[in-house]
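Q: Next come the chains, spelled out residue by residue.
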Amino acid sequence: MSNLIAQYLSTEGLQILTATGQTIQMVFLSVIFAHVFGLPLGIILVTTSPGHILENKACNQVLGTIINAARSLPFIILLVVIIPFTRLLVGSSIGTMAATVPLTVSAIPFVARMVETSLKEVEWGIIEAALAMGATPWQIITKVLLPESLSSLILGATITTITLIGYSAMAGFVGGGGIGDLAMRYGYYRYQVDILLACVIILIVMVQVIQMLGEKLASIVNKK
Amino acid sequence: MIEIKGLKKIYGQGEDKVVALDGIDLTIKEGEIFGIIGLSGAGKSTLIRCLNRLEKPTEGKVIVDGFDLTKLSDDQLRLVRRRIGMIFQHFNLLWSRTVAQNVAFPLEIAGEKDKNKIKKRVTELLELVGLSDKANAYPSQLSGGQKQRVGIARALANNPKVLLCDEATSALDPHTTESILQLLASINQKLGITMVIITHEMAVIKAICDTVAVIEDGKIVESGPVLDLFTNPHTKTARRFITTINNQELPEVVLERQRASNGYSRLIRVSFLGPSAGEPIISDMIQKFNIKANILYGNIDHIKNSVYGTLTLQLIGAENDTLQALKYLEGLGLKVEVINIE
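Those protein sequence lines, which keep their order, are chains U and D.
Mapping to our numbering: the first sequence position 102 is 102, numbers consecutive.
Mapping to our numbering: the second sequence position 75 is 75, numbers consecutive.
Hints listed in this document are in silico derivations from the structure and should not be mistaken for laboratory results.
Careful: at least some of the hints might be erroneous.
Claimed, not checked - Derived lysine-lysine pairs resembling DSBU-like cross-links, with alpha carbons at most 35 angstroms apart:
#1 K17/D to K57/U
#2 K113/D to K143/U
#3 K120/U to K8/D
#4 K224/U to K8/D
#5 K120/U to K117/D
If you're wondering where the values come from, they're calculated on a predicted model, not measured in any experiment.
Use the sequences and the hints to build the structure in full.
A: What follows is the structure, given as structure tokens:
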């Protein structure tokens, strides 16, 4: 949709605007989807670890290994390798939506580790207190682990978002568009320094705003 | 209310194995405040954690309110745990919840959905622990003593039969400790709830416990009414704990002086309990026998309404007269200990 509009009105300003919209769309969607899958994985990583509420060595090790393997795959390779999967999922292997798929897939293991780190910060004593009250594992996850680590989870999501903004620049390979892609094509290959500069400034502002919002939100929910 | 039989807890296996509890037998009666005292590493924390199976015993039985915890399934255990409250050294409150929400937490865990019921119960509990004005504060805004009050309110929410206190006052200053202990004692009186208190401080035992057990190297080395332990400790460990709050050791200078004195003399320590504390026993003794008494040290104290005291005397006189005087004191039912003879 936004691609179409851009074809008809190809002034540079509008191009930048469209690209910004694409970046926001790609990053926003992949952050959401990466958490939909990464959050449960992070929870499983923590709760199945030794001595935790759902200790399960096999599950913990298998999951850990898969996550490490997925994280060691360079994004640019992942982008190409999962093209069949992308096509299956969004019906096309090019475009902004198509770029969202590899972004999400690459962010899932990242989010899982982020969530794991956040949940591990919850003092064991608090979990023990809940156990002593007769809480079920599900109650401990929903009423203790997640609310107690919310502030840290928000900061983690902020880092994920900013990392994905960087990754989204590579989305140009599959025609995903976005601000990073615009900077490459016009600013770098065509020596249009003004566009390059505009893109960089937009990226800087974007990162600053996200970081600021993330920190603000995290401090609001942090009651510790 | 609580019965522990042959309880063993062993960590690790083979050469790395550590025996934390080595055959514990204890009976805790309904409504009493039972203290377990021991140094760090003695196994007291492991022991109290076996009472709600936060630690799974390796061997033996733990029967709480008729349920053998070692035989319960996870689901049954969760139900039984709701009848056992617990408070902790570091309070373990949820930082993300207000005081009222923290107290409501165990009610939610127990499946209470009725918001009004929860609110009513929370108000009641906060009143009981004297924190009604802090209902909407977060734990980070409270002092240590206030946090422990929230911990107590939370532990009582589901009307437990037993309250386990794991070093509940160890992170608090002496003044706050006293007020928390008073609160626990008044809750014990009001609700008749059985309490098990783990501590390394003899002052805690003395302040509120009815019965005490001394634990050392995973074994109970001595147990009985608190008053008995204070007046008649059998083990060195128990004696050392008593010394921490009631130093009866004579200064070296006094012993020196006694050694240097001429003639036959004895240092004795007389312990008295209850009514005899009020009678002029010593002056009677001096009149009856031809000896002199020099008072070196004396103190009088009370535990749960019973008065007890000790007196360290130097008896000077002929050997025969002294021995008769000692017999006279023993005849009155006092405990007489000869410290040294010169």
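Q: Which of the numbered hints above does this structure break?
A: 4
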